[in-house]
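Quick note, the sequences are listed as chains U and L, same order. In this text, residue positions in the first sequence follow this note's numbering: the first is 1, and each later residue adds one. In this text, residue positions in the second sequence follow this note's numbering: the first is 1, and each later residue adds one.
Careful, some of the hints might be misleading.
With the C-beta cut set under 8 Å, the calculated list includes, among others, these residues of chain L facing chain U [stated by the list, open to error]: (1) V95; (2) E103; (3) F122.
Listed below are the simulated EDC-like cross-link pairs for lysine to aspartate or glutamate, each with C-alpha atoms no more than 20 Å apart in a straight line [to be verified]: (4) L:K110 / U:E242; (5) U:K213 / L:E76; (6) U:K213 / L:E73; (7) L:K141 / U:E222; (8) U:K90 / U:E113; (9) U:K239 / U:D153; (10) U:K213 / L:E91; (11) U:K134 / U:D49; (12) L:K153 / U:D194.
Far from chain U, by Cβ distances over 10 Å, these chain L residues were calculated [claimed, not checked]: (13) G29; (14) G51; (15) T58; (16) T67; (17) S176; (18) I180; (19) E238.
These aren't lab readings, by the way, just hints derived from the structure by calculation. Note that beta-carbon positions come from the ideal geometry of N, C-alpha and C, so glycine has one too.
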Amino acid sequence: MKQALTLPTRKDEAYRYADLAALETLWPLPVQDIRVAAGEQGALAVVLDGANDAARDIAITLEDGAEFDLRLLHAGSAYRRIAVSVSLGKGAKFHLGAAQIAGGDQTVEIVTEVTHAEPDAVSSQVVRSVLGGKSTGTYLGKVVVARGAIGTDGSQSIRAMLLDRTATANARPELEIYADDVKCAHGCAVGELDPQGLFYLAQRGLPPALAKKLMLQAFIAEAFVGAADEEALTDAALKALEAVL
Amino acid sequence: MTMLKIENLQATVADKPILKGLSLTINAGEIHAIMGPNGAGKSTLGYTLGGRPGYEVTGGSATLDGTDLFELEPHERAAAGLFLGFQYPVEIPGVSFVQFLRESANAQRKARGEAPLSGGEFLKLAKEKAALLRMDMEMLKRPVNVGFSGGEKKRAEMVQMGILDPKIAILDETDSGLDIDALRICGEGINAIMRKPDKAVLLITHYQRLLDYVKPDFVHVLAGGRIVRTGGPELALELEEQGYEAVAA
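Excised from the complex, chain U in its bound form (with noise of 0.2 Å):
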């Protein structure tokens, strides 16, 4: 991935909700780069908590028949922001499993793209974000399946959960297929949590925060199924959310 020197603006759709301000003293970023030679598999987890801004580049070349398993949390109480560019060679396999939980004024976000170079690969991006205060959390996703891909079969489920009607989620995936006979399928929603089930648990004696976590940790644990550390990223998954109810 190449990355401009200049900082970019709103103008840039990739950083069309970044906060921008806080960005400048993160610019410019380093791209990590990750090669994963054909028919092998690596695998990379991405936990960013604490309380200084933090954001990353990743760029992910997967040659033929290579596999890759992503997986990122946004935590903590500051900007947040991880890129990622994903090139799939013949036959690769790509997971991306994430999630987002933000509070106060934070602004996190998370931006792929994810190219079917050639034919055969599968992607599957499951992203899904809390977002409680006044916090933004912004997932952009494209996918895109160059001409001659065929056999393409790329998903993206895409979940946002609003605590208060003061958080903001936007969520746009985009596909550009330049290929025919490929399977592309994505589902993307924003809502609330249930006031009926928050009433029910309430009546059992669940306080509202103990029951709002109870019912949104199978919602954020979707992000980290199969993850070879599933239980170390649910658990900082569980903690970042406490501290936004």
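Given the coordinates of chain U, work out where chain L should sit on it, guided by the hints.
Just chain L now, with coordinates in the frame of chain U:
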């Protein structure tokens, strides 16, 4: 001893008055049944006492053992000993009964200054109550009410009541959607869990049939947001025979 005392209760739902001066006193050791036509305000009474959002108290009072219920949040009312059996138990995907009930029981115990139940203690208690309602423990490992039949949901409500061990249970049409066997099992469950000198029950029902198993001490007819008649168990039979219109008139 007076347990639940409701005086001149008035409540609205979406600005529409539903309860219009309802008074009712329930003493420890008593079982009361409230019957009445559709739209009389039976479910509204349960939800208002439970504190469901959208059910606004506009007048009157309700106390549980002398404590003003309307000063308490819904979870605090539960910890004070109020259990509401839902007519339509809510499905909560992704949360297992076992996990939710242990958290609930311990949240209540914490609010009352009692020590939490350990995992082992809780499971023993849950098994005992599940057996009472002839419910397989495996079902309690599933997400709350998800994929349960109408009858299973109602039996699960009674299992919850057994585990949480309330002072007073307001059971909103626990008999609806039950087949004959499930009706008997639920009825026996209510007796086993709640028919005790220090507990009380308010059954909200349309039909006499549940009252064959759970014999009420008092039967009330609710119509137009008020109790219009009170009697003994024979009143339920009279209603069954003659209908609400004749009896409530």
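Here is what the structure says about each hint:
1. V95: Holds - the Cβ of V95 (chain L) comes within 8 Å of chain U, reaching about 5 Å at its closest.
2. E103: With a minimum Cβ separation of about 6 Å from chain U (threshold 8 Å), the hint on E103 (chain L) holds.
3. F122: violated (14 Å)
4. L:K110 / U:E242: holds (19 Å)
5. U:K213 / L:E76: holds (18 Å)
6. U:K213 / L:E73: Given that 20 Å is the threshold and the Cα spacing comes to 18 Å, the pair holds.
7. L:K141 / U:E222: Between K141 (chain L) and E222 (chain U) the Cα gap is close to 19 Å, so the pair holds against 20 Å.
8. U:K90 / U:E113: Given that 20 Å is the threshold and the Cα spacing comes to 17 Å, the pair holds.
9. U:K239 / U:D153: Violated - the C-alpha atoms of D153 (chain U) and K239 (chain U) are around 34 Å apart, more than 20 Å.
10. U:K213 / L:E91: holds (16 Å)
11. U:K134 / U:D49: holds (19 Å)
12. L:K153 / U:D194: With a Cα-Cα distance of about 19 Å, the restraint between K153 (chain L) and D194 (chain U) holds, given a limit of 20 Å.
13. G29: For G29 (chain L), whose nearest Cβ neighbour in chain U is about 24 Å away, the distance exceeds 10 Å, so it holds.
14. G51: Contrary to the label, G51 (chain L) does not stay out of reach of chain U, its closest Cβ about 8 Å off (not over 10 Å).
15. T58: holds (20 Å)
16. T67: holds (15 Å)
17. S176: holds (17 Å)
18. I180: holds (27 Å)
19. E238: Answer for E238 (chain L): holds, closest chain U Cβ roughly 33 Å.
When the structure is compared with the earlier hints, violations turn up for hints 3, 9 and 14 and for no others.
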